[in-house]
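Numbering follows this note's numbering, with no gaps: position 391 of the sequence shown is 738.
Honestly, the hints are just simulated from the structure, not real lab data.
Please note that a few of the clues may not be correct.
Label-pair distances were calculated between CB atoms; the ranges are [what the hints assert, rightly or not]:
#1 T652 / G742: 51 to 61 Å
#2 T540 / T482: 22 to 32 Å
#3 Q698 / G647: 17 to 27 Å
Glycine included, each C-beta is placed from N, C-alpha and C at the ideal position.
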Amino acid sequence: MRSTHHALSALLALAATTTATAQTGSRGHPVTAPSSTKAAATTEAFPAPRVSSMSENFEDITFLASRGWFQQNNSQPVGSTGWSQGPSVANGGPIDAHAGSANSFISANFNNTSGYNTISNWLVTPELDFGAGATFRFHTRKASPDEYADRLEVRISTNGASTNVGTGATGTGDFSTTLLTINPDLALGVYPTTWTSFTLSHAQGLPHSGTGRIAFRYHVTSGGPNGINSDFIALDTLSYAAGSPEYSIGVIVSGLAGSGLTVTLDGGTPVAISQNGIFRFPGYVAPGTAYTVAVETQPGTPSQTCTINAPTGTATSDVLVGVACTTHRFTVGGTISGLAGTGLELTLGSQRLAVPAYATGFTFPNSVASGSNYAVAIASPPRFPHQICTLSNGGGTIGDEDIDDVDVACIFDADVLFANDFETPPTPTAAAVATSIADAGVDSDTSVASPAVAESQADKATSSMAPGIVPATGTHDADGVSSTAGAVVPRGTPDAVPLPTLDRAALAVLAGLLVLATAWMRRRRVM
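With the hints as constraints, model all of the structure from the sequences given.
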(Lines of atoms letter the chains of each structure in order from A and count residues from 1; the text may use other names and numbers.)
(Lines give C-alpha, C1' and ligand atoms only; values in the text may rest on other atoms or scores of the structure.)
Protein backbone atom coordinates (compact mmCIF):
# COMPACT_ATOMS: atom_id res chain seq x y z
CA MET A 1 0.00 0.00 0.00
CA ARG A 2 2.83 2.38 0.87
CA SER A 3 4.58 1.71 -2.45
CA THR A 4 1.34 2.45 -4.32
CA HIS A 5 1.08 5.74 -2.48
CA HIS A 6 4.65 6.66 -3.41
CA ALA A 7 4.01 5.78 -7.08
CA LEU A 8 0.91 7.97 -7.18
CA SER A 9 2.84 10.86 -5.60
CA ALA A 10 5.54 10.51 -8.20
CA LEU A 11 3.04 10.62 -11.04
CA LEU A 12 1.45 13.78 -9.59
CA ALA A 13 4.85 15.38 -9.21
CA LEU A 14 5.72 14.54 -12.82
CA ALA A 15 2.42 16.01 -14.02
CA ALA A 16 3.09 19.17 -12.03
CA THR A 17 6.55 19.45 -13.53
CA THR A 18 5.17 19.02 -17.05
CA THR A 19 2.57 21.77 -16.65
CA ALA A 20 5.21 24.10 -15.18
CA THR A 21 7.45 23.95 -18.25
CA ALA A 22 7.25 25.68 -21.62
CA GLN A 23 8.65 25.07 -25.08
CA THR A 24 10.71 28.17 -26.00
CA GLY A 25 12.44 26.96 -29.17
CA SER A 26 11.13 26.47 -32.70
CA ARG A 27 8.90 23.61 -33.77
CA GLY A 28 11.95 21.84 -35.14
CA HIS A 29 14.02 22.63 -32.04
CA PRO A 30 11.71 22.59 -29.02
CA VAL A 31 13.43 23.66 -25.82
CA THR A 32 11.89 22.91 -22.46
CA ALA A 33 12.57 25.78 -20.13
CA PRO A 34 11.86 25.84 -16.39
CA SER A 35 8.95 27.97 -15.26
CA SER A 36 11.31 30.38 -13.57
CA THR A 37 12.50 31.57 -16.98
CA LYS A 38 9.07 31.72 -18.62
CA ALA A 39 8.08 35.31 -19.41
CA ALA A 40 4.88 36.56 -17.79
CA ALA A 41 1.88 37.46 -19.93
CA THR A 42 2.21 41.05 -18.77
CA THR A 43 5.08 42.86 -17.07
CA GLU A 44 4.84 46.41 -15.73
CA ALA A 45 7.81 48.63 -16.53
CA PHE A 46 9.60 50.24 -13.61
CA PRO A 47 9.45 54.05 -13.55
CA ALA A 48 12.37 55.17 -15.68
CA PRO A 49 13.37 58.46 -17.30
CA ARG A 50 12.87 58.73 -21.03
CA VAL A 51 16.00 58.34 -23.12
CA SER A 52 17.44 60.08 -26.17
CA SER A 53 19.68 57.16 -27.06
CA MET A 54 20.09 53.55 -25.99
CA SER A 55 21.46 50.18 -26.99
CA GLU A 56 20.08 46.78 -26.02
CA ASN A 57 21.76 43.41 -26.62
CA PHE A 58 19.33 41.32 -24.52
CA GLU A 59 22.07 39.68 -22.48
CA ASP A 60 19.61 39.09 -19.64
CA ILE A 61 15.98 39.95 -20.33
CA THR A 62 15.06 39.79 -16.65
CA PHE A 63 16.51 43.33 -16.37
CA LEU A 64 14.41 44.82 -19.18
CA ALA A 65 11.61 46.03 -16.90
CA SER A 66 14.04 47.92 -14.69
CA ARG A 67 15.32 49.73 -17.78
CA GLY A 68 11.83 50.85 -18.77
CA TRP A 69 10.81 48.06 -21.16
CA PHE A 70 7.25 46.68 -21.17
CA GLN A 71 5.80 43.32 -22.23
CA GLN A 72 2.22 42.20 -22.76
CA ASN A 73 0.88 39.07 -24.42
CA ASN A 74 -2.57 39.78 -25.88
CA SER A 75 -2.84 36.49 -27.75
CA GLN A 76 -6.22 34.80 -27.59
CA PRO A 77 -5.88 32.70 -25.56
CA VAL A 78 -2.54 33.44 -23.91
CA GLY A 79 -0.19 30.50 -24.41
CA SER A 80 2.56 28.96 -22.31
CA THR A 81 5.29 31.40 -23.43
CA GLY A 82 5.82 35.11 -23.87
CA TRP A 83 9.03 36.86 -24.92
CA SER A 84 11.86 34.52 -23.85
CA GLN A 85 15.64 34.48 -23.40
CA GLY A 86 17.49 32.67 -26.23
CA PRO A 87 17.63 29.72 -26.45
CA SER A 88 21.04 29.04 -28.03
CA VAL A 89 21.96 26.10 -30.18
CA ALA A 90 23.98 24.64 -27.31
CA ASN A 91 20.84 24.62 -25.21
CA GLY A 92 18.81 22.92 -27.91
CA GLY A 93 17.61 26.09 -29.64
CA PRO A 94 17.54 26.71 -33.39
CA ILE A 95 19.97 29.69 -33.52
CA ASP A 96 22.66 31.65 -31.69
CA ALA A 97 22.75 35.39 -30.98
CA HIS A 98 23.79 37.98 -33.54
CA ALA A 99 26.49 39.24 -31.16
CA GLY A 100 27.66 38.57 -27.63
CA SER A 101 26.99 35.35 -25.80
CA ALA A 102 25.15 32.65 -27.72
CA ASN A 103 21.81 33.09 -25.94
CA SER A 104 21.91 36.92 -25.71
CA PHE A 105 18.81 37.53 -27.78
CA ILE A 106 15.06 37.65 -27.15
CA SER A 107 12.57 35.41 -28.92
CA ALA A 108 8.87 34.62 -29.37
CA ASN A 109 7.32 31.45 -30.74
CA PHE A 110 4.23 29.44 -31.65
CA ASN A 111 3.49 28.70 -27.98
CA ASN A 112 2.54 32.36 -27.38
CA THR A 113 -1.01 31.03 -27.87
CA SER A 114 -2.53 27.58 -27.61
CA GLY A 115 -4.35 25.40 -30.09
CA TYR A 116 -5.18 27.08 -33.41
CA ASN A 117 -5.51 30.82 -32.66
CA THR A 118 -4.09 34.34 -33.13
CA ILE A 119 -0.81 35.47 -31.59
CA SER A 120 -0.41 39.13 -30.51
CA ASN A 121 2.64 39.44 -28.27
CA TRP A 122 4.05 42.91 -27.49
CA LEU A 123 7.56 44.07 -26.55
CA VAL A 124 7.73 47.85 -25.96
CA THR A 125 10.80 50.10 -25.58
CA PRO A 126 11.32 52.68 -22.84
CA GLU A 127 9.95 56.18 -23.46
CA LEU A 128 12.07 57.84 -26.15
CA ASP A 129 12.84 61.43 -27.08
CA PHE A 130 12.31 62.09 -30.77
CA GLY A 131 14.48 64.51 -32.73
CA ALA A 132 16.20 65.42 -35.98
CA GLY A 133 17.97 62.53 -37.64
CA ALA A 134 16.49 59.94 -35.29
CA THR A 135 17.34 56.32 -36.17
CA PHE A 136 16.11 53.00 -34.77
CA ARG A 137 18.11 49.86 -35.69
CA PHE A 138 17.64 46.20 -34.83
CA HIS A 139 18.47 42.70 -36.14
CA THR A 140 15.99 39.88 -36.56
CA ARG A 141 15.71 36.38 -38.04
CA LYS A 142 13.76 33.17 -37.70
CA ALA A 143 14.66 29.50 -37.62
CA SER A 144 15.64 27.66 -40.78
CA PRO A 145 14.06 26.07 -42.74
CA ASP A 146 11.07 28.39 -43.07
CA GLU A 147 8.20 25.91 -42.75
CA TYR A 148 5.64 28.05 -40.86
CA ALA A 149 5.08 31.71 -41.74
CA ASP A 150 5.91 34.39 -39.15
CA ARG A 151 5.21 38.12 -39.02
CA LEU A 152 6.69 41.02 -37.02
CA GLU A 153 5.24 44.53 -36.79
CA VAL A 154 7.12 47.62 -35.56
CA ARG A 155 4.65 50.20 -34.25
CA ILE A 156 4.93 53.61 -32.59
CA SER A 157 3.03 55.66 -30.03
CA THR A 158 3.67 59.39 -29.67
CA ASN A 159 1.71 59.51 -26.41
CA GLY A 160 4.69 59.88 -24.09
CA ALA A 161 5.13 57.04 -21.61
CA SER A 162 1.90 55.26 -22.56
CA THR A 163 2.01 51.46 -22.64
CA ASN A 164 -1.57 51.12 -23.92
CA VAL A 165 -1.37 48.32 -26.50
CA GLY A 166 -5.08 47.69 -26.49
CA THR A 167 -6.86 44.49 -25.55
CA GLY A 168 -7.37 41.24 -27.38
CA ALA A 169 -5.49 39.87 -30.35
CA THR A 170 -6.58 42.69 -32.69
CA GLY A 171 -6.21 45.72 -30.37
CA THR A 172 -3.37 48.22 -30.81
CA GLY A 173 -4.26 50.98 -28.32
CA ASP A 174 -2.00 54.01 -28.67
CA PHE A 175 0.27 52.08 -31.07
CA SER A 176 -1.99 52.50 -34.08
CA THR A 177 0.81 53.69 -36.41
CA THR A 178 2.88 51.02 -38.14
CA LEU A 179 6.48 51.86 -39.04
CA LEU A 180 7.40 48.49 -40.54
CA THR A 181 5.88 45.06 -41.15
CA ILE A 182 8.10 42.10 -41.95
CA ASN A 183 6.16 39.53 -43.99
CA PRO A 184 2.74 41.27 -43.91
CA ASP A 185 1.07 38.51 -45.99
CA LEU A 186 2.38 35.60 -43.93
CA ALA A 187 4.10 33.99 -46.90
CA LEU A 188 6.86 31.42 -46.69
CA GLY A 189 10.35 32.46 -47.74
CA VAL A 190 9.90 36.14 -46.82
CA TYR A 191 10.97 36.44 -43.18
CA PRO A 192 14.81 36.26 -43.12
CA THR A 193 16.37 33.07 -41.83
CA THR A 194 19.73 34.76 -41.19
CA TRP A 195 20.39 37.77 -38.99
CA THR A 196 19.24 40.82 -40.96
CA SER A 197 19.49 44.50 -40.00
CA PHE A 198 16.56 46.94 -40.32
CA THR A 199 16.86 50.72 -39.86
CA LEU A 200 13.95 53.09 -39.32
CA SER A 201 14.18 56.87 -39.68
CA HIS A 202 11.97 59.87 -40.44
CA ALA A 203 11.23 58.35 -43.83
CA GLN A 204 9.46 55.45 -42.10
CA GLY A 205 7.64 57.75 -39.68
CA LEU A 206 9.93 58.49 -36.73
CA PRO A 207 8.86 61.91 -35.38
CA HIS A 208 11.10 64.97 -35.38
CA SER A 209 10.06 65.96 -31.85
CA GLY A 210 8.04 64.84 -28.85
CA THR A 211 8.23 61.60 -26.90
CA GLY A 212 6.78 58.14 -27.19
CA ARG A 213 7.57 54.44 -27.44
CA ILE A 214 8.34 51.94 -30.19
CA ALA A 215 6.82 48.46 -29.97
CA PHE A 216 7.56 45.06 -31.51
CA ARG A 217 4.44 43.01 -32.06
CA TYR A 218 4.70 39.32 -32.96
CA HIS A 219 1.36 39.04 -34.74
CA VAL A 220 0.36 35.80 -36.48
CA THR A 221 -3.09 34.63 -37.41
CA SER A 222 -3.89 30.90 -37.67
CA GLY A 223 -1.01 30.38 -35.25
CA GLY A 224 -0.33 28.25 -32.22
CA PRO A 225 0.84 24.62 -31.78
CA ASN A 226 -1.98 23.40 -34.03
CA GLY A 227 -1.88 26.36 -36.43
CA ILE A 228 -0.73 26.45 -40.02
CA ASN A 229 1.36 29.59 -39.25
CA SER A 230 3.85 30.70 -36.51
CA ASP A 231 7.17 29.15 -35.58
CA PHE A 232 9.96 31.24 -34.02
CA ILE A 233 11.46 34.76 -34.35
CA ALA A 234 14.38 36.46 -32.58
CA LEU A 235 15.55 40.07 -31.95
CA ASP A 236 19.07 41.25 -31.15
CA THR A 237 21.51 44.19 -31.26
CA LEU A 238 19.10 47.09 -30.99
CA SER A 239 20.06 50.78 -30.87
CA TYR A 240 18.34 54.16 -30.93
CA ALA A 241 19.60 57.74 -31.36
CA ALA A 242 17.25 60.71 -31.29
CA GLY A 243 19.27 63.79 -32.24
CA SER A 244 18.05 67.31 -31.40
CA PRO A 245 14.34 68.03 -31.60
CA GLU A 246 12.99 70.14 -34.44
CA TYR A 247 9.46 71.32 -35.08
CA SER A 248 7.02 71.41 -37.94
CA ILE A 249 4.78 74.41 -38.71
CA GLY A 250 1.40 73.97 -40.32
CA VAL A 251 -2.14 75.28 -40.56
CA ILE A 252 -5.50 73.83 -39.63
CA VAL A 253 -8.14 75.08 -42.06
CA SER A 254 -11.88 75.29 -41.40
CA GLY A 255 -14.83 76.63 -43.38
CA LEU A 256 -13.11 76.36 -46.77
CA ALA A 257 -15.59 75.96 -49.63
CA GLY A 258 -13.85 77.73 -52.52
CA SER A 259 -10.77 76.97 -54.57
CA GLY A 260 -7.47 78.78 -54.98
CA LEU A 261 -6.46 79.30 -51.33
CA THR A 262 -2.69 79.56 -50.84
CA VAL A 263 -0.71 80.27 -47.67
CA THR A 264 2.95 81.07 -47.03
CA LEU A 265 5.47 80.58 -44.24
CA ASP A 266 7.84 83.52 -43.78
CA GLY A 267 7.07 84.74 -47.29
CA GLY A 268 8.25 81.51 -48.92
CA THR A 269 6.72 79.45 -51.68
CA PRO A 270 2.92 79.48 -51.46
CA VAL A 271 1.30 76.21 -50.47
CA ALA A 272 -2.04 75.43 -52.17
CA ILE A 273 -4.83 74.14 -49.92
CA SER A 274 -7.96 72.62 -51.42
CA GLN A 275 -9.92 71.33 -48.42
CA ASN A 276 -10.39 71.63 -44.69
CA GLY A 277 -7.90 69.87 -42.43
CA ILE A 278 -4.27 69.99 -41.28
CA PHE A 279 -1.51 70.93 -43.73
CA ARG A 280 2.17 71.25 -42.81
CA PHE A 281 4.80 73.35 -44.54
CA PRO A 282 7.76 71.35 -45.84
CA GLY A 283 10.80 71.21 -43.61
CA TYR A 284 11.34 71.76 -39.89
CA VAL A 285 12.64 74.56 -37.69
CA ALA A 286 14.87 74.56 -34.63
CA PRO A 287 13.42 75.37 -31.21
CA GLY A 288 13.01 79.12 -30.68
CA THR A 289 12.58 79.94 -34.38
CA ALA A 290 10.24 82.87 -35.13
CA TYR A 291 7.63 82.29 -37.82
CA THR A 292 4.94 84.19 -39.78
CA VAL A 293 2.08 82.53 -41.60
CA ALA A 294 0.05 84.54 -44.16
CA VAL A 295 -2.72 84.04 -46.70
CA GLU A 296 -1.28 84.65 -50.14
CA THR A 297 -4.39 84.10 -52.27
CA GLN A 298 -8.00 84.15 -51.10
CA PRO A 299 -10.33 81.43 -52.42
CA GLY A 300 -12.98 81.98 -55.05
CA THR A 301 -15.95 80.08 -56.51
CA PRO A 302 -17.46 80.71 -54.05
CA SER A 303 -15.81 83.94 -53.03
CA GLN A 304 -14.38 83.72 -49.50
CA THR A 305 -12.11 85.50 -47.05
CA CYS A 306 -9.76 83.39 -44.91
CA THR A 307 -8.24 84.92 -41.79
CA ILE A 308 -5.39 83.61 -39.65
CA ASN A 309 -5.55 83.33 -35.89
CA ALA A 310 -2.18 84.23 -34.30
CA PRO A 311 -0.17 84.32 -37.53
CA THR A 312 3.16 84.98 -35.79
CA GLY A 313 5.00 83.28 -32.95
CA THR A 314 8.04 81.34 -31.79
CA ALA A 315 8.29 77.56 -32.21
CA THR A 316 8.66 75.72 -28.92
CA SER A 317 6.85 72.61 -30.18
CA ASP A 318 5.05 71.57 -33.34
CA VAL A 319 2.92 74.54 -34.48
CA LEU A 320 -0.59 74.55 -35.94
CA VAL A 321 -1.98 77.95 -36.97
CA GLY A 322 -5.75 78.28 -37.33
CA VAL A 323 -7.13 79.49 -40.69
CA ALA A 324 -10.89 80.23 -40.68
CA CYS A 325 -12.70 80.90 -43.97
CA THR A 326 -16.05 82.65 -44.37
CA THR A 327 -18.15 82.91 -47.52
CA HIS A 328 -19.04 86.34 -48.90
CA ARG A 329 -22.70 87.30 -49.24
CA PHE A 330 -24.19 89.55 -51.91
CA THR A 331 -27.50 91.29 -52.51
CA VAL A 332 -29.89 90.64 -55.39
CA GLY A 333 -31.77 93.49 -57.08
CA GLY A 334 -32.33 95.31 -60.33
CA THR A 335 -34.34 97.95 -62.22
CA ILE A 336 -38.06 98.48 -62.82
CA SER A 337 -39.55 100.34 -65.77
CA GLY A 338 -43.14 101.43 -66.48
CA LEU A 339 -44.54 100.66 -63.05
CA ALA A 340 -47.61 102.81 -62.20
CA GLY A 341 -49.74 100.60 -59.98
CA THR A 342 -49.46 99.14 -56.53
CA GLY A 343 -49.50 95.48 -55.59
CA LEU A 344 -46.37 94.29 -57.40
CA GLU A 345 -44.62 91.60 -55.32
CA LEU A 346 -41.36 89.83 -56.12
CA THR A 347 -39.90 86.70 -54.53
CA LEU A 348 -36.35 85.39 -54.02
CA GLY A 349 -36.48 82.01 -52.37
CA SER A 350 -38.42 82.54 -49.15
CA GLN A 351 -38.07 86.33 -49.37
CA ARG A 352 -41.15 88.28 -50.55
CA LEU A 353 -40.72 91.94 -51.49
CA ALA A 354 -43.62 94.40 -51.94
CA VAL A 355 -42.73 97.08 -54.53
CA PRO A 356 -44.40 100.52 -54.22
CA ALA A 357 -46.00 102.33 -57.18
CA TYR A 358 -43.68 104.23 -59.54
CA ALA A 359 -40.57 102.42 -58.16
CA THR A 360 -37.65 102.32 -60.57
CA GLY A 361 -35.51 99.74 -58.76
CA PHE A 362 -35.50 97.10 -56.02
CA THR A 363 -33.12 95.15 -53.75
CA PHE A 364 -34.03 92.18 -51.58
CA PRO A 365 -33.12 92.84 -47.95
CA ASN A 366 -31.41 89.52 -47.20
CA SER A 367 -28.12 88.78 -48.96
CA VAL A 368 -27.28 85.45 -50.61
CA ALA A 369 -24.05 83.46 -50.17
CA SER A 370 -21.55 83.38 -53.01
CA GLY A 371 -21.81 80.19 -55.01
CA SER A 372 -25.56 79.86 -54.37
CA ASN A 373 -28.14 79.76 -57.13
CA TYR A 374 -30.80 82.48 -57.14
CA ALA A 375 -34.14 82.90 -58.94
CA VAL A 376 -36.30 86.03 -58.80
CA ALA A 377 -39.99 85.61 -59.65
CA ILE A 378 -43.10 87.83 -59.91
CA ALA A 379 -45.51 86.63 -57.24
CA SER A 380 -48.21 89.25 -57.84
CA PRO A 381 -48.60 91.84 -60.67
CA PRO A 382 -49.70 95.47 -60.18
CA ARG A 383 -53.48 95.87 -59.83
CA PHE A 384 -54.21 99.57 -59.32
CA PRO A 385 -54.04 100.14 -62.27
CA HIS A 386 -53.69 96.61 -63.62
CA GLN A 387 -50.44 96.02 -65.49
CA ILE A 388 -48.52 93.17 -67.06
CA CYS A 389 -44.88 92.84 -65.87
CA THR A 390 -42.18 90.69 -67.43
CA LEU A 391 -38.86 89.69 -65.85
CA SER A 392 -35.45 89.12 -67.46
CA ASN A 393 -32.04 88.12 -66.02
CA GLY A 394 -33.95 86.70 -63.06
CA GLY A 395 -31.74 83.72 -62.24
CA GLY A 396 -28.16 82.52 -62.05
CA THR A 397 -25.33 81.85 -59.59
CA ILE A 398 -23.98 84.37 -57.09
CA GLY A 399 -20.37 85.19 -57.90
CA ASP A 400 -18.18 87.77 -56.18
CA GLU A 401 -20.37 90.88 -56.51
CA ASP A 402 -23.90 92.13 -55.92
CA ILE A 403 -26.53 91.19 -58.51
CA ASP A 404 -28.10 94.38 -59.89
CA ASP A 405 -29.15 93.49 -63.43
CA VAL A 406 -32.51 91.80 -62.83
CA ASP A 407 -34.97 93.73 -65.03
CA VAL A 408 -38.72 94.11 -64.45
CA ALA A 409 -40.68 95.83 -67.25
CA CYS A 410 -44.36 96.72 -66.74
CA ILE A 411 -46.96 97.80 -69.37
CA PHE A 412 -50.69 98.49 -69.23
CA ASP A 413 -53.01 95.61 -70.03
CA ALA A 414 -55.59 97.05 -72.46
CA ASP A 415 -57.86 94.01 -72.15
CA VAL A 416 -58.41 94.56 -68.45
CA LEU A 417 -57.57 98.23 -68.24
CA PHE A 418 -60.73 99.07 -66.38
CA ALA A 419 -60.83 95.96 -64.20
CA ASN A 420 -60.48 97.34 -60.70
CA ASP A 421 -58.44 100.27 -62.06
CA PHE A 422 -58.28 103.63 -60.37
CA GLU A 423 -61.27 104.51 -58.21
CA THR A 424 -64.35 102.41 -59.04
CA PRO A 425 -67.12 104.68 -60.46
CA PRO A 426 -70.54 104.74 -58.73
CA THR A 427 -72.79 101.86 -59.75
CA PRO A 428 -75.81 103.23 -61.75
CA THR A 429 -79.21 102.82 -60.20
CA ALA A 430 -81.87 100.67 -61.80
CA ALA A 431 -83.78 103.79 -62.86
CA ALA A 432 -80.74 105.22 -64.61
CA VAL A 433 -80.18 101.97 -66.45
CA ALA A 434 -83.82 101.87 -67.50
CA THR A 435 -83.66 105.45 -68.71
CA SER A 436 -80.53 104.72 -70.75
CA ILE A 437 -82.12 101.69 -72.33
CA ALA A 438 -85.28 103.63 -73.10
CA ASP A 439 -83.28 106.43 -74.68
CA ALA A 440 -81.56 103.87 -76.85
CA GLY A 441 -84.88 102.50 -78.04
CA VAL A 442 -84.65 99.16 -76.22
CA ASP A 443 -87.73 97.65 -74.63
CA SER A 444 -86.78 96.67 -71.16
CA ASP A 445 -89.60 94.16 -70.88
CA THR A 446 -88.78 92.19 -74.03
CA SER A 447 -85.78 90.20 -75.14
CA VAL A 448 -83.70 91.06 -78.17
CA ALA A 449 -85.52 89.51 -81.20
CA SER A 450 -82.50 88.91 -83.39
CA PRO A 451 -78.75 89.56 -83.48
CA ALA A 452 -79.26 92.35 -86.00
CA VAL A 453 -81.82 94.10 -83.85
CA ALA A 454 -79.73 93.50 -80.74
CA GLU A 455 -76.69 95.08 -82.41
CA SER A 456 -78.73 98.14 -83.45
CA GLN A 457 -80.17 98.50 -80.00
CA ALA A 458 -76.80 98.08 -78.35
CA ASP A 459 -75.28 100.80 -80.52
CA LYS A 460 -78.05 103.17 -79.51
CA ALA A 461 -77.69 102.23 -75.85
CA THR A 462 -73.97 102.81 -75.99
CA SER A 463 -74.33 106.35 -77.26
CA SER A 464 -76.81 107.34 -74.54
CA MET A 465 -75.69 105.14 -71.70
CA ALA A 466 -75.22 106.59 -68.25
CA PRO A 467 -71.62 107.03 -67.11
CA GLY A 468 -70.00 103.78 -65.82
CA ILE A 469 -71.91 101.50 -68.18
CA VAL A 470 -70.30 99.58 -71.04
CA PRO A 471 -71.80 96.98 -73.38
CA ALA A 472 -70.97 93.32 -72.81
CA THR A 473 -70.83 90.35 -75.15
CA GLY A 474 -70.58 87.52 -72.62
CA THR A 475 -71.08 86.50 -69.06
CA HIS A 476 -69.48 88.68 -66.33
CA ASP A 477 -69.28 87.56 -62.75
CA ALA A 478 -67.37 90.40 -61.10
CA ASP A 479 -69.18 91.76 -58.06
CA GLY A 480 -71.78 89.06 -58.48
CA VAL A 481 -73.19 90.62 -61.74
CA SER A 482 -74.17 88.28 -64.60
CA SER A 483 -75.46 89.34 -67.99
CA THR A 484 -76.15 87.97 -71.44
CA ALA A 485 -75.38 89.36 -74.88
CA GLY A 486 -76.89 92.74 -75.42
CA ALA A 487 -77.18 93.58 -71.70
CA VAL A 488 -75.18 96.19 -69.85
CA VAL A 489 -72.92 95.80 -66.79
CA PRO A 490 -71.05 98.22 -64.56
CA ARG A 491 -67.58 99.24 -65.75
CA GLY A 492 -64.93 97.47 -63.71
CA THR A 493 -65.78 93.81 -64.39
CA PRO A 494 -62.83 91.59 -65.29
CA ASP A 495 -64.22 90.57 -68.65
CA ALA A 496 -64.94 94.08 -69.97
CA VAL A 497 -64.06 94.22 -73.64
CA PRO A 498 -62.05 96.94 -75.34
CA LEU A 499 -63.96 99.83 -76.87
CA PRO A 500 -65.04 98.70 -80.31
CA THR A 501 -64.00 101.85 -82.06
CA LEU A 502 -60.39 101.83 -80.78
CA ASP A 503 -57.62 99.42 -81.52
CA ARG A 504 -55.35 98.11 -78.69
CA ALA A 505 -52.55 100.60 -79.34
CA ALA A 506 -54.92 103.58 -79.18
CA LEU A 507 -56.51 102.20 -76.06
CA ALA A 508 -53.12 101.80 -74.37
CA VAL A 509 -52.39 105.49 -75.07
CA LEU A 510 -55.78 106.41 -73.66
CA ALA A 511 -55.06 104.31 -70.59
CA GLY A 512 -51.82 106.17 -69.97
CA LEU A 513 -53.60 109.49 -70.22
CA LEU A 514 -56.24 108.30 -67.78
CA VAL A 515 -53.53 107.22 -65.31
CA LEU A 516 -51.94 110.65 -65.45
CA ALA A 517 -55.32 112.35 -65.09
CA THR A 518 -56.20 110.18 -62.11
CA ALA A 519 -52.90 110.87 -60.41
CA TRP A 520 -53.37 114.63 -61.01
CA MET A 521 -56.90 114.51 -59.57
CA ARG A 522 -55.67 112.69 -56.47
CA ARG A 523 -52.96 115.25 -55.91
CA ARG A 524 -55.60 118.03 -56.25
CA ARG A 525 -57.68 116.43 -53.55
CA VAL A 526 -54.71 116.22 -51.25
CA MET A 527 -53.94 119.90 -51.84
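Each hint, compared with the structure:
no., hint, verdict
1, T652 / G742: 51 to 61 Å, "violated (26 Å)"
2, T540 / T482: 22 to 32 Å, "holds (25 Å)"
3, Q698 / G647: 17 to 27 Å, "holds (25 Å)"
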